[in-house]
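Just so you know, the sequences run in chain order A and B.
When we follow UniProt numbering, the leftmost residue of the first sequence carries the number 1, and every step to the right adds one.
When we follow UniProt numbering, the leftmost residue of the second sequence carries the number 1, and every step to the right adds one.
Hints were generated in silico from the structure; no laboratory data involved.
Only true hints are included.
Any copy, or any two copies together, can satisfy a pair, since identical chains are not distinguished.
Taking lysine-lysine and the DSSO-like style, the derived pairs with C-alpha atoms no more than 30 Å apart in a straight line are:
| hint | residue 1 | residue 2 |
| --- | --- | --- |
| 1 | 57 | 4 |
| 2 | 40 | 4 |
| 3 | 57 | 40 |
For clarity, every value in this text was computed on a predicted model and none was experimentally measured.
Protein chains: 2
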Amino acid sequence: MNLKQLAHMLALSQTTVSRALNGYPEVNEETRRRVMDAAKRHGYRPNPSARRLATGKTGMIGYVLPTGASVDIDPHFVEFLSGLGDYARSHELDLVLSPADADDQETTYRRIVANRQVDAVYISSPRPADRRVALVNTLGIPFIVHGRSEGFDFDYAFTDIDNEGAFHEAARLLIQLGHRRLALINGDGRETFAIHRERGVRRALAASGLTLIERHVCSVDMTEENGYRATRRLLEGDDAPTAIACSSLIMALGVVRAVRDLGLSIPGDVSLIAHDDVFPWLRPENFSVPLSTTRSSIRLAGARVAERLAARISGLEEGARGEVWPVDLVVRGSVAGAPA
Amino acid sequence: MNLKQLAHMLALSQTTVSRALNGYPEVNEETRRRVMDAAKRHGYRPNPSARRLATGKTGMIGYVLPTGASVDIDPHFVEFLSGLGDYARSHELDLVLSPADADDQETTYRRIVANRQVDAVYISSPRPADRRVALVNTLGIPFIVHGRSEGFDFDYAFTDIDNEGAFHEAARLLIQLGHRRLALINGDGRETFAIHRERGVRRALAASGLTLIERHVCSVDMTEENGYRATRRLLEGDDAPTAIACSSLIMALGVVRAVRDLGLSIPGDVSLIAHDDVFPWLRPENFSVPLSTTRSSIRLAGARVAERLAARISGLEEGARGEVWPVDLVVRGSVAGAPA
DNA sequence: CGAAAAAGCCAAAGCGCTTTGGAAGACTCT
DNA sequence: AGAGTCTTCCAAAGCGCTTTGGCTTTTTCG
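Let's have the full structure, built from the sequences with the hints guiding it.
Following this line, the structure appears as structure tokens:
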């Protein structure tokens, strides 16, 4: 059942039927009702390919997925996706993942924009002066950044969490507990979130006349193994820290294992605070010693990004509004006063 | 730059240009070269929306993503996606995720087929007599099932691993080591993979005149917490098992924690074998006691599914061929002889 | 009451591609 | 040389929708 048939069966023109269905004003309400009615009764659904060719609207949002044999997709992604999908579903939006060579995403962005494959895109894990953000901005497609970039001469729309504030609070707590040597096991140091977290820790230390020594900060991919290695290196070196801030729950698994392997204990010898993105399958309260965390649901962020994308597509949201969500500091058993 | 302009500038008809570019035989090789050349020089790329309207081909593969506030997307998904994306990239395929109410995926499947939104779909985590498989089969869109369903009066194409064989081998090893009371901490018991794994364990036990008692098998969502709870329940009950087979590395984290909490040790008191889907961020050799595993890269499966989908779309693959991949049994420190 | 404005509808022209049904010219064969 | 066969190209008809421009008919208003 296509528009032509429907129009014919109603003894109306395609124009009128189309307008009736799309809510244009120049059609009699009585007629509109008839049309809507017939459309529903016959289960008419406009062919998206045709509509798309005519209007350019796709009803899809895009994400360029970096891939490659040596590229690991972050497990956070799936949780973000849960939120995004949940919102998208309620608005009949689909998500198209365009895989791209991790080293050349530009081609793919250009393609999906030139081909009008999606109505909007989002960008995740941005870095300062992220080229993707600059590119997408000039290409003129609506977009939202999940996270923040920095150092542009233009503003853009983003949804981020207060990474600096979160780690500032975490560090402050540890300092208040008497810790003087803090360490930071961070994610990829080229990404903004990691920079912000480090800044938060440094600021808290500085406020007490302390510093974060270079040996005590490491930036690694967020795997269990890297958490383990970093911790061993930290605790076996001179000036071992008495407290660790860690950027992910997965790395925290490795931290805990390393501490145990060294015959030390949490929080007796080392206090630990990790960032929790709220995975359903790994929860900080279930660690052998319940983990103190900075907590922010990445799933909610996904839903929010979808919501904003939808708003931008329909023209409800404009401008370069950035929003920063506060992060909860949840204190559990993994922190204690500094050892004597 | 569209076809019309390109044709005009070459003083050829759109027909000829189109045919030249799409490799049809009825065009002079000399002409074809000229066309290809001009196309490349001017960066001509056929508009996919138009092509799509004309041919029905989309260059996209689809996946219906169950969503909802209480629906958690499996972290395995992201690893599968890595492989799928990696292959899709090299073949200029995009993946469209259509979020659906987890309790009504049928509507979404019907929509994406009726609207011709994708050229093929894949289905994951199937159950016996899975309705999605039956539906997609009747809808007539090319598809591949990742995993297996059962109990249909038709055949279909799938890529699965030998879950039964894997857990049969694992159980056999444990039995050989003298274990008599095995337990199975399984995934969702409604899914085929879980059924097959249980069958594998039972078969191995039966071969030695043993049985898997009901109390010793549990089917739960694969979270760390569920692994913990199941293990406590198992080990604190009467007839506590001396060996555990576990369906995921994430649950195995909980198993290890529970064993430790009970003051027991692996493999001294309990042997443990888990299934490893090969996550980059959590590796069995890095468990406090290196974990024996049944190993199969879910990422490779993703790539394979993409490959087969691409083959089906282009007509290179037909028929209902199912393939079952063998699973490696990797023995590490977590298994030992049964305690006296 | 007649002109101007508004309401309601339609035919047809896109959107940019593929594909059908020729047609013109070159070549082969008897 | 004429008939038949390739080869190579083209005009035009879709694909199913939206939208422009215009045409009636009805309503409004001085």
